[in-house]
Amino acid sequence: MSNQVAQQYDKRPRIKEQDTVKRKSPGISISKYISYLFLIVLCIIWIIPVVFGITTSFRSQSEVVSSGFRLFPKEWIFDNYVSILENTSTAPILRWLMNSLFIATMHTLLVVVVISITGYGYSRMKFKGRDTLFFTLLGISFFPGVVNLIPSYKIIDALGWVNTSWAMIIPGLAGMGNIFLVRQFMNGIPKDLDESAHVDGAGHFRIYFSIILPLIKPVLIVCALFSFTGSWNDFLWPVIVFTDVDKMPVTAGLLLLQDIYGNYRMIGQLMGSAVLAIIPTLLLFLFAQKYFVQSINLNSGIKG
Amino acid sequence: MPMKKKLNLAPAFFVGPHVILFAVFILLPTFYGIYASFTKWNLMNEPVWVGLDNYKTILFDSGSTFHTQFNNGLKNTFIFVLLSVPLLIVIPLLVAVALEHKKVKGKSLIQSIIYVPGLISISAGALIWLLLFNKQLGMAGNVFGSDVSWPANQPYAWILIIIITIWGGVGGNMIIYRASISGVSQDLYESAEMDGAGTIRRFTSITLPSIRFPLIYTFVMTTAGAFNVFGQPLMMTDGGPRQSTHVLMMYIRQLAFGNGESIAGMASAMAVLLGLVILVISALQYYVMNRNAA
Numbered sequence: 001m002s003n004q005v006a007q008q009y010d011k012r013p014r015i016k017e018q019d020t021v022k023r024k025s026p027g028i029s030i031s032k033y034i035s036y037l038f039l040i041v042l043c044i045i046w047i048i049p050v051v052f053g054i055t056t057s058f059r060s061q062s063e064v065v066s067s068g069f070r071l072f073p074k075e076w077i078f079d080n081y082v083s084i085l086e087n088t089s090t091a092p093i094l095r096w097l098m099n100s101l102f103i104a105t106m107h108t109l110l111v112v113v114v115i116s117i118t119g120y121g122y123s124r125m126k127f128k129g130r131d132t133l134f135f136t137l138l139g140i141s142f143f144p145g146v147v148n149l150i151p152s153y154k155i156i157d158a159l160g161w162v163n164t165s166w167a168m169i170i171p172g173l174a175g176m177g178n179i180f181l182v183r184q185f186m187n188g189i190p191k192d193l194d195e196s197a198h199v200d201g202a203g204h205f206r207i208y209f210s211i212i213l214p215l216i217k218p219v220l221i222v223c224a225l226f227s228f229t230g231s232w233n234d235f236l237w238p239v240i241v242f243t244d245v246d247k248m249p250v251t252a253g254l255l256l257l258q259d260i261y262g263n264y265r266m267i268g269q270l271m272g273s274a275v276l277a278i279i280p281t282l283l284l285f286l287f288a289q290k291y292f293v294q295s296i297n298l299n300s301g302i303k304g
Numbered sequence: 001m002p003m004k005k006k007l008n009l010a011p012a013f014f015v016g017p018h019v020i021l022f023a024v025f026i027l028l029p030t031f032y033g034i035y036a037s038f039t040k041w042n043l044m045n046e047p048v049w050v051g052l053d054n055y056k057t058i059l060f061d062s063g064s065t066f067h068t069q070f071n072n073g074l075k076n077t078f079i080f081v082l083l084s085v086p087l088l089i090v091i092p093l094l095v096a097v098a099l100e101h102k103k104v105k106g107k108s109l110i111q112s113i114i115y116v117p118g119l120i121s122i123s124a125g126a127l128i129w130l131l132l133f134n135k136q137l138g139m140a141g142n143v144f145g146s147d148v149s150w151p152a153n154q155p156y157a158w159i160l161i162i163i164i165t166i167w168g169g170v171g172g173n174m175i176i177y178r179a180s181i182s183g184v185s186q187d188l189y190e191s192a193e194m195d196g197a198g199t200i201r202r203f204t205s206i207t208l209p210s211i212r213f214p215l216i217y218t219f220v221m222t223t224a225g226a227f228n229v230f231g232q233p234l235m236m237t238d239g240g241p242r243q244s245t246h247v248l249m250m251y252i253r254q255l256a257f258g259n260g261e262s263i264a265g266m267a268s269a270m271a272v273l274l275g276l277v278i279l280v281i282s283a284l285q286y287y288v289m290n291r292n293a294a
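Protein chains in written order, with the UniProt record's numbering: chain E, 1 to 304; chain Z, 1 to 294.
Since the hints were derived computationally from the structure, they do not count as laboratory data. No experiment lies behind these values; they were computed from the predicted model shown. Any given hint might turn out to be false.
Unchecked claim - Pairs of lysine-lysine, BS3-like flavour, derived with a Cα cap of 30 Å:
id: 1; chain 1: Z; residue 1: Lys56; chain 2: Z; residue 2: Lys75
id: 2; chain 1: Z; residue 1: Lys103; chain 2: E; residue 2: Lys32
id: 3; chain 1: E; residue 1: Lys128; chain 2: E; residue 2: Lys217
id: 4; chain 1: Z; residue 1: Lys102; chain 2: E; residue 2: Lys217
With the rest of the complex left out, here is chain Z (with noise of 0.2 Å):
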């Protein structure tokens, strides 16, 4: 009898010590955030609550600079995730099909190739572009003789943005679509090509259903991470030109723990608007992609 008692705590060694991790650095976060958002605090002393001001004053006090950074910064967010997350979905998958070529060498090469910029943290690779199309410098102006600076000029400051998002960003998905792709099996190929299935064909009806767990799995989590987008637009234009690529993650951060005193309720009432506007298109998007392929 003993014997089982002790079977019995085994469990607490091995899965209790993340549980606690998790509490103290997920839980209690999340529902602080959400507290907090409901309060008046400056991250020093004790927030003071205040109901629903915070967020009255974002939706609907349109006098209010905060009113108009939302909108602002939800604005410019949502066309980055626009931009972006197409373009992070179908490169990739490109690569992928491209690489399952039974003919194709150099693979791994090419992998690697295409894997190493997500290696590059954000500010480092930001300084290399902000170089390679500097207006004097750089290819911008003597490749292909434009004569605008690109970070201070539109549409130029969001093609910069997109495009090293999308260099620092392929590899990743490239990496899951072609480890669920080599799991398809090779039979299922065959048979379609004795059939005569061309290689659109056998890419739409074998390829695409095959990966379909993989598929709204990186589309939803690519989206969800381009919506905490904040390291491209701070490195590359610093929100400019006039404020039309300050995303809403620059104007939290700036908020809470910029100059001057701290906002962080009014900041936390953004936090949890933004967590919310995630969660509804997550939940869209796995609803509507599962209902789809059934």
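So that you can see chain E by itself, here it is in the shape it has in the complex (with noise of 0.2 Å):
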């Protein structure tokens, strides 16, 4: 394992040098254009639609009906997200917007600190069964989650979570993918370090906290970013165990509402209620996209 990391490392010198070495393969301009194509064509397709769904946030409702398809405002106007603001009654959706930040923001917190933790004992604590357990785990859970969807519903009910947050924030906790993840990741780190640690005398909560914790940060944010936006798209469950208008979170709330406004009579507003679902997990991919491709490497560590 040490190995790869290693060979890691050494690859950006020689990847330097070659640069520098003038190569004029025609082979290489032409596949160069045919990726541009493909990629500035896809990223067109991808784009148009949430363009589309920001400007015509900003239209009137006269004009989407009457002027037909336009990327476009001939005139841009706010009145749409002043409605939507105003609207605390039928569709709250500042309310639902505010019910989502709390569970995604909590669900993300423990997930955290779950993963963190049970990783660290998978990867680094010597224990009977450690890897039978785990793997155990990890079969189960590739059980398709259908099943347990209807008990799960009555299980949140004993718990008297039904139309509460805690619905949506504490079973997610119990899944085994980010733990792989992280599992997998720990695995890359050399042992040397908390090996040392161990004989100055630290004992495995000090270890974890400062010396594995700060190293796997890139795993944990991706991670983190998956468990938002996984959290505050969650579509399917939200739908079942939520039924309070004022509890549920925006996924939940922008089905009533393509009800509530039926037929395109509110336009603008149904846009601007869907961009502002979009913002935060936007915002969080900002900032949490640089970690990306250090963290998912899936061919690490099983090839070792």
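Now that you have both chains on their own, put them together as the hints suggest.
And the structure:
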């Protein structure tokens, strides 16, 4: 494993040397243009709905209905957002957003605590049956989640969590996916570090907190991003556990909204609500994306 | 000696809390779900054991609505899987390879643009796409000159559902492939280039074999995820036109949590059957891909 790490660090200077050597192979430039063309077309298709959603939220209903399809409004108005924020009874969007924010933030914080501690246990501690336990839980967690959907509702009901945020914050902490990623990442960190700390008399909590935790920051940030967006965008579960309009998160709310506003009577407001629902995950992504590539190499640790 | 005892307690602190969470929120409901599939249950009262009755009705009683619903739901779920999964593997792979090209600039911007729809919830995304493909107000009529209502006619209803799925789903696999491809040793590519291997040759004989594990992983996970499809058809078509996009998860939710008395036992049996389908197909994929690659 440490060999692989060393290899990765070795790679960088070598690439630089190669770049300074001028090579003009025609194959490279053709494939370059094909790559560019493909990526640019894809980017345009990918971005149009986002731009369209945003700009439509700044158009008046009469303009939307009368002017046909336009990517940009003739006249930019803010009325849609004003009405969205003023509606606090039938469609309390601000309330839904706050609910979602609370749920996703709490869930993410708890996920980070649980996966880093549990990952440490499975990667760094020696106890009987450790790997058997890990792979048994991992195997069971592959069993399709559909089967536990209905009983999960029953459990949430028994805990008195129906129509509360806990219904969305806690059950997801049981998942194995992120723990797998963290354990994978931790196995890639040389053991010498914590072994020498052990010799110096440091206990597991000290080693976890002051040696391992700082080193696994990249993978924790990516898992945090996955957890936040997963929780923010979860749809099936909140539609099942929330019936109280004031308590539900924004995804379940938007389903209601489609019924309330129906038939595209208030398109600008509908789009504005969709746009507001996108903002938090977008901001988090912009912050976290630089950690992406270095954290999710599924190849590492599996070859070795 | 007391020192040693203390050390043995520590793992319980680190691993224990999660094991409890796992037992309560995954293990218990899974077993209970399987048990409930052999019962008549309305979610309120105690389940009543009925043996294999639910399964017999769903699988063999051609006069029962549950039988028709299950067949239709499973068929539509399979259609969704077959249409979406290949695209959700191939497009991200092409993007990742194109992004690895040495001369391509603006990598992180392109990556962000393609990933962003993955951050958008299905309900928010669906509202936007429905408007974009609205007959009067969106592009379908005004740009493509189509005069049918897309969500209400086939094959457009499926096309809409697949488009929004691909749009939102490409980013995740792209990140995994990019990360794995960037871990492939650059030396391999350089020596292949010296030997005169072209772009396609380098892709098939270096890139693909080196990312074998991530490929199997994403293929299995994407397929399993696709079998659980629910939000896209619910938001885009509500199962229409004429139930032709009504997927199994929508029936399961309707039976267990819909209006009227809950038929959770029957819904659980459908869920177990769907679970078995997913399990068998995942195992098959893993087995075949692992054998072919070895």
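>> What's the verdict on Lys56(Z) and Lys75(Z), does the C-alpha distance respect the 30 Å limit or exceed it?
In response: At roughly 19 Å apart (the allowed maximum being 30 Å), Lys75(Z) and Lys56(Z) satisfy the hint.
> Holds or violated: are the alpha carbons of Lys103(Z) and Lys32(E) at most 30 Å from each other?
Replying inline: Holds, at about 7 Å.
> Is Lys102(Z) close enough to Lys217(E), meaning Cα to Cα at most 30 Å?
Replying inline: holds (28 Å)
> Holds or violated: Lys128(E) with Lys217(E), Cα cutoff 30 Å?
Replying inline: With Cα atoms ~28 Å apart, Lys128(E) and Lys217(E) stay inside 30 Å; holds.
When the structure is compared with the earlier hints, no violation turns up for any of them.
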